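> Sequence:
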Amino acid sequence: MWFNAGGSWGASLSSLFLLFTLILNVAAQTFGITLDKAARDDAQRFVYSAKLTFEQDTGTLFSDGQLYGLARAAFNEMQTKFNADKVRFNRQPVMMAAMALGKDVYLSSNLKGGPFLYTYADSRLKPQVVVALERCQTSLQDAARRGTTVDKQHRTQASCAEVAAVHQYYLDDAVTEAARNDPPPTRIVAYGKAGQDGPIGPQNACGGGDVVKNGVLTWGCKQFMADEQITVPRKPTNNLNLNLPNPFPKFTTTQVSVMCPGHKKP
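In case it helps, mature numbering (1 follows the signal peptide of the UniProt record, and there is no 0) puts the sequence shown at residues -28 to -1, 1 to 238.
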């Protein structure tokens, strides 16, 4: 009970205020999600992102459900930025991915504005993530039934939030070559809309099921993450499982642009 017959209203109000403050702090948790201005200015692509670095390993800090909760909080934070950034509705990203490994979480929206990774990069500056996508396609083609053609490109032309998060990891100068060659266990989840106007919630990685389009077998993030040995946790069925830790662990935030260094304007 909040108070007994001998208790004071002051103590009760104090308890209520403390509870309200704790709830407010969790609800108001922000991560520094910002528009990637280099991508907007140099390539007319729209993506929101942030990299969080914690003092402890994310594997112990966040359950799978809480990782979805991180993506949800980042998605909600992104939506508060659209008006100030003057991003038109058809340019607004609709998904947020959270990729956790070691002490880092890479938060990234999907890419809006048209194909980017496959088309904007030239052969001299091919992003490492494109090399990984091509390797995945080759593996799928090698494993396909005789006579089956596997699509050359990821089904969304690699514009998904999960691919953008992996791309930012590959571009991150803070990751050593040794760590990149032997990465810790990695998880990735996505939260947002199923399509531009679909319901908002935790989302499965695209590419589920064998989908044949114009006689070609399509593939997506499900197959790509498996090829990268990145775990995609099952999406929670109860929103309570998405609640973030309270108190929230300390972190620093930076941003890794999706622009390859050689493509940035001087």
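FYI, nobody ran anything at the bench for these hints, they're computed from the structure.
Note that the structure is a prediction, hence the values are computed from the model and not measured.
Quick reminder that beta carbons are idealized off the backbone N, C-alpha and C, glycines included.
Treat the hints with caution; some may be incorrect.
Simulated crosslink set (DSBU-like; lysine-lysine; CA at most 30 Å straight-line) [stated by the list, open to error]:
1) K75 x K194
2) K124 x K207
3) K75 x K98
4) K194 x K9
Quick list of the computed label-pair ranges, beta carbon to beta carbon [stated by the list, open to error]:
5) G180 x G4: 26 to 36 Å
6) D182 x K58: 18 to 28 Å
7) R206 x K75: 16 to 26 Å
8) P205 x V183: 30 to 40 Å
9) A115 x N176: 19 to 29 Å
10) N218 x D114: 44 to 54 Å
> Are the hints correct? Go through all of them and say.
Cross-check of the supplied hints:
no., hint, in the structure
1, K75 x K194, "24 Å, holds"
2, K124 x K207, "28 Å, holds"
3, K75 x K98, "28 Å, holds"
4, K194 x K9, "29 Å, holds"
5, G180 x G4: 26 to 36 Å, "32 Å, holds"
6, D182 x K58: 18 to 28 Å, "41 Å, violated"
7, R206 x K75: 16 to 26 Å, "24 Å, holds"
8, P205 x V183: 30 to 40 Å, "23 Å, violated"
9, A115 x N176: 19 to 29 Å, "21 Å, holds"
10, N218 x D114: 44 to 54 Å, "48 Å, holds"
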